[in-house]
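Protein chains: 2
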Amino acid sequence: MDRSKQTAKARKWFETLRDRICAEFEAIEREAGSDAGFAYKKWDRETEDGSEGGGGVQGLMKGKVFEKVGVNVSTVSGAFSPQFASQVNGASEEHPDFTATGISLVAHMANPHVPAVHMNTRFLTTQTAWFGGGADLNPPLPYEEDTEAFHARLRAACHAHNPTYYDRFSKWADEYFYIPHRGVHRGVGGIFYDHLECGDDVEFDRHFAFTRDVGEAFLDIYPQLVRKRMNEIWNEDEKRQQLEWRGRYAEFNLVYDRGTLFGLKTGGNIDAILMSLPPEATWS
Amino acid sequence: MDRSKQTAKARKWFETLRDRICAEFEAIEREAGSDAGFAYKKWDRETEDGSEGGGGVQGLMKGKVFEKVGVNVSTVSGAFSPQFASQVNGASEEHPDFTATGISLVAHMANPHVPAVHMNTRFLTTQTAWFGGGADLNPPLPYEEDTEAFHARLRAACHAHNPTYYDRFSKWADEYFYIPHRGVHRGVGGIFYDHLECGDDVEFDRHFAFTRDVGEAFLDIYPQLVRKRMNEIWNEDEKRQQLEWRGRYAEFNLVYDRGTLFGLKTGGNIDAILMSLPPEATWS
Chain G
3 MDRSKQTAKA RKWFETLRDR ICAEFEAIER EAGSDAGFAY KKWDRETEDG SEGGGGVQGL
63 MKGKVFEKVG VNVSTVSGAF SPQFASQVNG ASEEHPDFTA TGISLVAHMA NPHVPAVHMN
123 TRFLTTQTAW FGGGADLNPP LPYEEDTEAF HARLRAACHA HNPTYYDRFS KWADEYFYIP
183 HRGVHRGVGG IFYDHLECGD DVEFDRHFAF TRDVGEAFLD IYPQLVRKRM NEIWNEDEKR
243 QQLEWRGRYA EFNLVYDRGT LFGLKTGGNI DAILMSLPPE ATWS
Chain H
3 MDRSKQTAKA RKWFETLRDR ICAEFEAIER EAGSDAGFAY KKWDRETEDG SEGGGGVQGL
63 MKGKVFEKVG VNVSTVSGAF SPQFASQVNG ASEEHPDFTA TGISLVAHMA NPHVPAVHMN
123 TRFLTTQTAW FGGGADLNPP LPYEEDTEAF HARLRAACHA HNPTYYDRFS KWADEYFYIP
183 HRGVHRGVGG IFYDHLECGD DVEFDRHFAF TRDVGEAFLD IYPQLVRKRM NEIWNEDEKR
243 QQLEWRGRYA EFNLVYDRGT LFGLKTGGNI DAILMSLPPE ATWS
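Residue numbers (this note's numbering), protein chains in the order written: chain G, 3 to 286; chain H, 3 to 286.
I should point out that these hints are in silico values taken from the structure, not numbers from a laboratory.
Please note that the accuracy of each hint is not assured.
One copy or two, either will do: identical chains are not told apart, so a pair holds if it fits within one copy or between any two.
Said to hold, decoys possible - Below, computed lysine-lysine pairings styled on BS3-like, alpha-carbon distance capped at 30 Å:
(1) 11 x 44
(2) 241 x 64
(3) 241 x 66
(4) 14 x 64
Start from the sequences, fold in the hints, and give me the full structure.
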């Protein structure tokens, strides 16, 4: 069991998945008659002592269908601060070292009939190692059949690995993507999972296979939903609803999302972290 | 020294100030050829045990000059939760009772040359009592002379009461209205003060007089700045800058502002709390 080999394998997958997703999203832009493409920006993680800390690549496309879509891959390593180390699975003040590799994606769509979406999967190592991730659908104007199709595809990916996964992970998503001060969910759910621990190579292989299948499921179903809705006519009132709804999305990410807050308060890459915010939002 | 009389006096002032400010803002709308006016909505504070908890009035105007301006006055009372009581000046688990009365105002302006603004003053009682408040200017496109005029007026209000106030309170505003993850201030500053303790009637009278003068200074200077800039021509690029800048404003309020977070996480009136958010914002 070689942790650095595991991280390298996971990283390779996240980068491959990014390439395939970006190619697919650009193909959708072509179908809509646009020549929009992703622009990529490399960034290096700044460490306090100037040591090598890894970095990432932020991909951003502003297109005709995808009003703003960001896809980040990053592979970083270092030592958590003493206060933080004690809060992280498998880390401690004596053992603050970590590596993290992952992909994260948020798409805000021009047409209010097309759902926005979020997907993120990651592999972390401390004194232990685990996979985590999830995907959730965020339609400003929900269609029951789209919601059902999205969940059905994730359910299939989960069931292929463990009969308990979908129930557990979709409940986790319902709990996580919730805006308490509004008493509403951020979207129509999906799955959220964490701490799929890789105690040995067998467990690594198993959880890695599941995480790949979550990526495959996303890449299969989301473009279908986009293509189904991207040519629907929308009116001003529907656009207005979308912009208000995006205000809720921004509230969730800025007030509650652990990843966002962790990034903001620990000097992460601001552009990459806040890529999730909507291109435009309103509060009436 | 009768705390309830003090609260009643402060409340009366905050309501009078609200009436004068709203009348002045509506007069500005008239001058711009608009007949926009404030709409008022009463709300009652919900207490867990159903006891009387006070409430407030939320005033909202969407005009031609004032794209969205909210002015809230509220007078609430009750008992802090045990966890929270220990964090509040003069409160404790044994003595969780409090009253709070105050005015808060946020104006987001249609023309990017006109500064947005925030003003809030309040009087709290626990086992002790104090005034707090402040005002800060938030120009999307700053003019040095406007910034100077705003500060000069607040400086004069401060100096009339205590030669150390302006230095202390403007520094406090600089520290408070700061967005660490961006490394920038929210606006061009103003004053921020808290815990002007009222141990006896003499202190109450003194700090109440100062708090009234902060309100008077605001009501004197801000309308001057609005009238000076409201007829300036603006182009698309300036509007775009304003919307991006409003994204920063939303970030500050949702990630850092103690009042906003306290309200959101303790079941306050959502509409009144989030009134501070901009009518429209962008994240490019």
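**Structure versus earlier hints - violations, ascending order** = none
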